[in-house]
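Chains as they are written, first to last, in the working numbering: chain G, 1 to 433; chain C, 1001 to 1433.
Calculated directly from the structure, the hints in this document are not laboratory data.
Errors might be hidden in some of the hints.
Stated by the list, open to error - Examples of chain C residues lying across from chain G (beta carbon under 7 angstroms, computed):
#, residue
1, Ser1097
2, Val1136
3, Pro1299
4, Gly1303
5, Val1371
To be verified - To spell it out: a stretch of chain G is covered by chain C in this simulated footprint if at least three of its residues, at any positions, have a beta carbon under 8 angstroms from a beta carbon of chain C; those stretches are:
#, region
6, 46-60
7, 125-138
8, 246-252
9, 309-315
10, 370-381
All C-beta atoms in this analysis are idealised placements derived from N, C-alpha and C, irrespective of residue type, glycine included.
Number of protein chains: 2
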Amino acid sequence: MSASEASRESALAGAAGAGAFSVGLLGFGTVGSAFAALLQERAPQIEAITGRRPVLTGALTRSSGSFHEILDGAEAIVELIGGIEPAREYVLAALASGRHVITANKQLLSQHGEELFDAARRAGVQLRFEAAVAGVVPVIRVLCESLAGAHVERIHGIVNGTTNFVLSEMAGGSSYEQALAEAQRRGFAEADPSEDVSGKDAAAKMAILARLAFGTPVHLDQVSYEGIEHLQTDDLQYARELGLGLKLVGAAERRDGGLSVRVHPAFLYSGHPLASVNGPYNAVTVESQAITEITMSGPGAGGPQTASAVLGDLVSVMLPPAAGGDRHGAPRGLGVSSPDPLPLVEDVESAFYIHMEVADRPGALATVAQVLGERGASIKSVVQHGLGDNARLVMVIHPLLESRLRDALLRISELDFLRSTPRAIRVIEEEFT
Amino acid sequence: MSASEASRESALAGAAGAGAFSVGLLGFGTVGSAFAALLQERAPQIEAITGRRPVLTGALTRSSGSFHEILDGAEAIVELIGGIEPAREYVLAALASGRHVITANKQLLSQHGEELFDAARRAGVQLRFEAAVAGVVPVIRVLCESLAGAHVERIHGIVNGTTNFVLSEMAGGSSYEQALAEAQRRGFAEADPSEDVSGKDAAAKMAILARLAFGTPVHLDQVSYEGIEHLQTDDLQYARELGLGLKLVGAAERRDGGLSVRVHPAFLYSGHPLASVNGPYNAVTVESQAITEITMSGPGAGGPQTASAVLGDLVSVMLPPAAGGDRHGAPRGLGVSSPDPLPLVEDVESAFYIHMEVADRPGALATVAQVLGERGASIKSVVQHGLGDNARLVMVIHPLLESRLRDALLRISELDFLRSTPRAIRVIEEEFT
Chain G
1 MSASEASRES ALAGAAGAGA FSVGLLGFGT VGSAFAALLQ ERAPQIEAIT GRRPVLTGAL
61 TRSSGSFHEI LDGAEAIVEL IGGIEPAREY VLAALASGRH VITANKQLLS QHGEELFDAA
121 RRAGVQLRFE AAVAGVVPVI RVLCESLAGA HVERIHGIVN GTTNFVLSEM AGGSSYEQAL
181 AEAQRRGFAE ADPSEDVSGK DAAAKMAILA RLAFGTPVHL DQVSYEGIEH LQTDDLQYAR
241 ELGLGLKLVG AAERRDGGLS VRVHPAFLYS GHPLASVNGP YNAVTVESQA ITEITMSGPG
301 AGGPQTASAV LGDLVSVMLP PAAGGDRHGA PRGLGVSSPD PLPLVEDVES AFYIHMEVAD
361 RPGALATVAQ VLGERGASIK SVVQHGLGDN ARLVMVIHPL LESRLRDALL RISELDFLRS
421 TPRAIRVIEE EFT
Chain C
1001 MSASEASRES ALAGAAGAGA FSVGLLGFGT VGSAFAALLQ ERAPQIEAIT GRRPVLTGAL
1061 TRSSGSFHEI LDGAEAIVEL IGGIEPAREY VLAALASGRH VITANKQLLS QHGEELFDAA
1121 RRAGVQLRFE AAVAGVVPVI RVLCESLAGA HVERIHGIVN GTTNFVLSEM AGGSSYEQAL
1181 AEAQRRGFAE ADPSEDVSGK DAAAKMAILA RLAFGTPVHL DQVSYEGIEH LQTDDLQYAR
1241 ELGLGLKLVG AAERRDGGLS VRVHPAFLYS GHPLASVNGP YNAVTVESQA ITEITMSGPG
1301 AGGPQTASAV LGDLVSVMLP PAAGGDRHGA PRGLGVSSPD PLPLVEDVES AFYIHMEVAD
1361 RPGALATVAQ VLGERGASIK SVVQHGLGDN ARLVMVIHPL LESRLRDALL RISELDFLRS
1421 TPRAIRVIEE EFT
């Protein structure tokens, strides 16, 4: 018996007795085993709250356990396998057979969310997934419950702890490569960090948050994202000089009568609630006229943190309804669609910082300014660093449609005095919002 | 008809039709009228989520409306009268007659919480009160739901926006009197600010949070509190020099096998999540081993913010239970007692900053050090400012029982070279925790 198998056997030691609430666990890796341990530790407290003692009655590992046997013996299924298949098949089967499901699977929710929400609705059971976004930071519950009646205007999130750690290290002077190596050494980045540094992981999470906050189906493919691989220590230096934060920001907001969902690095003015979030942390700010804004922050996903978020969902699933509760309408659960879903908007206006390495020719600045001006860009500030062939032009432009900026950058990169590809980073300034 | 009466009439225009969810409102002041307006605006969205349209079917103002008529016509009661009586009588009557109750009344909950929780439990209805603490910051829901299964170690909160605004102004150089006048001018402080500046308002909120996080009944009278009236601009200057925040901190934490709940000014190390919370904001940090920490922040209570928190509770009350939900145990609702309630601990160890104005006599420092040493205090650092009869001694001492510090301060204040009463402020440093 392997160590993992022995731990699974020990977690299953208590079979469900009378009055127990049986939980089937799919996946027994870092999070799965942390969840099993936490469940056992907290069972008495959960019994005091819900009236029933939760007991793990089955666990599916890579090498043992049968999904159908686990399903038969469980009132709720906790899915911690990750990825699309077989997680999707198992979750759909569990929902269809009337089991509540708790999952931490952001890939599944951002690509097949509507199918899962429909299945839960049809079966009248709960589908909960707090752990899928921002680990223990309770953003899903707050959006779906505290703010269920609110008119959300905008969400800004730092929803990937790996990239936030890397950017914090770069702000301290490290290069991107050094910072990433340090993140790997400290267990904050995986051996293959591409899902994180490309912004794709954050994009999946923003798709889920946008779906919940705006009641509008958003598929991962509809979220435009840009990562941190191209950022330079220079850019963070610039941010520090101006008292700005440079973060990988996920945004979901009402724009031009529609909904814009995207992930990209952005300079944040120093008063922005996310500007001071450093290290492997996650944080989400929700804005609406009535509430002004709420910010929630905490450590990004680790095994115990994710397990704790899953446990919170399990307690909610176990809580009996109030006797006075009525029985109209859809069952309590997440994923209600808005009566007015919003069209997704691709091209939005942003302010930009543009960094260009130029050979210091007479008229270089004038030529760049003319190219920008032709695309409707208005320059807010410009600084020239260095001299001669090592000169750098750094400018900030007022909000401009991103398609126009791309077009301008393409034209600028063709200018003969440019010594490398120009870099553009969005700027989120108070005065622009 | 007064303007307020006209607004009430207009809010009541829609009588409850078939499928509507009838809401009775007690209190029609700033928050009450903001709630009525928000409810009307958001009714279609709430109907989409819950399956029923919420309709205000009665409102009790100072001069009109009958509680019993309102109760008869309502499925849920929203209590926004404030104070103890008649709010207590109305809430108990509503719960006893099977109505869900939503209240923002911190006085009532911190002084009669157990009576209300029992009444809700007996009737099998929900009692919700998100708006009673930290306005729109969803700390109640997160403690009772997301963290229901967690073993909370500590809560630190900035739960009074008035005092946080005053301290932020003082950090900028204002005197206490100037800062308070500015808070009053900007509507962040009432004409009589004594409940806020004395720490009593924060104490009521910490009693509620401690009750929920630790499952242990805590009455307002059991919370020791100290306000900000005695703080000097000097102290904030000192904080700034050392990169510390000086905040009015509410703490509820496990200490010596019991529970300590208290409110007092404290210096916070710069990495503390609350150290950077400025202006009329509220923020709460919850620590537990499994989650590390979560921080939630947002604007302190204003009319629209409080109304939004009440609306979130109303949506929760209206949500029908999942069909698969079971019916064992206590009804969903707040205020579950722990199977292991904790004894309340009065006297705990804290690190202190001590500020003394002394005539510069030979041996003054030695005498003070001796008095402290006799009470077990160990000095961590000491700085002498100024010379001669204007000298000030500022020291930080390692954690010491508060009763011993009080005793030492009493003795020190009797020393003949002391020119004024010594001031002591708690220090929350990373290394001490």
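> Within the region 46-60 of chain G, is the number of residues with a Cβ closer than 8 angstroms to a Cβ of chain C three or more?
Replying inline: holds (count 6)
> Any CB of chain G closer than 7 angstroms to the CB of valine 1371 of chain C?
Replying inline: 41 angstroms, violated
>> Taking beta carbons only, do three or more residues of the region 309-315 of chain G come closer than 8 angstroms to chain C?
In response: It holds: at least three residues are needed, and the region 309-315 of chain G offers 5 whose Cβ sits within less than 8 angstroms of chain C.
> Given as covered by chain C, does the region 125-138 of chain G meet the bar of three residues or more with CB within less than 8 angstroms?
Replying inline: Check passed, 6 qualifying residues.
>> The hint names serine 1097 of chain C as touching chain G; please verify it with the least Cβ-Cβ distance against 7 angstroms.
In response: 10 angstroms, violated
>> Tell me whether the statement that chain C covers the region 370-381 of chain G is true, taking a Cβ distance below 8 angstroms and needing three residues at minimum.
In response: With 0 residues close enough to chain C, the hint is violated.
> Is the interface hint for proline 1299 of chain C satisfied, with its Cβ closer than 7 angstroms to some Cβ of chain G?
Replying inline: 5 angstroms, holds
>> valine 1136 of chain C was flagged as interface toward chain G. Is the shortest Cβ-Cβ separation under 7 angstroms?
In response: 4 angstroms, holds
>> How does the region 246-252 of chain G fare against chain C when you require at least three residues with a CB closer than 8 angstroms, holds or violated?
In response: violated (count 0)
>> Given glycine 1303 of chain C as an interface hint, is its Cβ closer than 7 angstroms to any Cβ of chain G?
In response: It is violated, given that the least Cβ distance between glycine 1303 of chain C and chain G is near 10 angstroms, above 7 angstroms.
In the structure shown, a violation is registered for the earlier hints numbered 1, 4, 5, 8 and 10, in ascending order.
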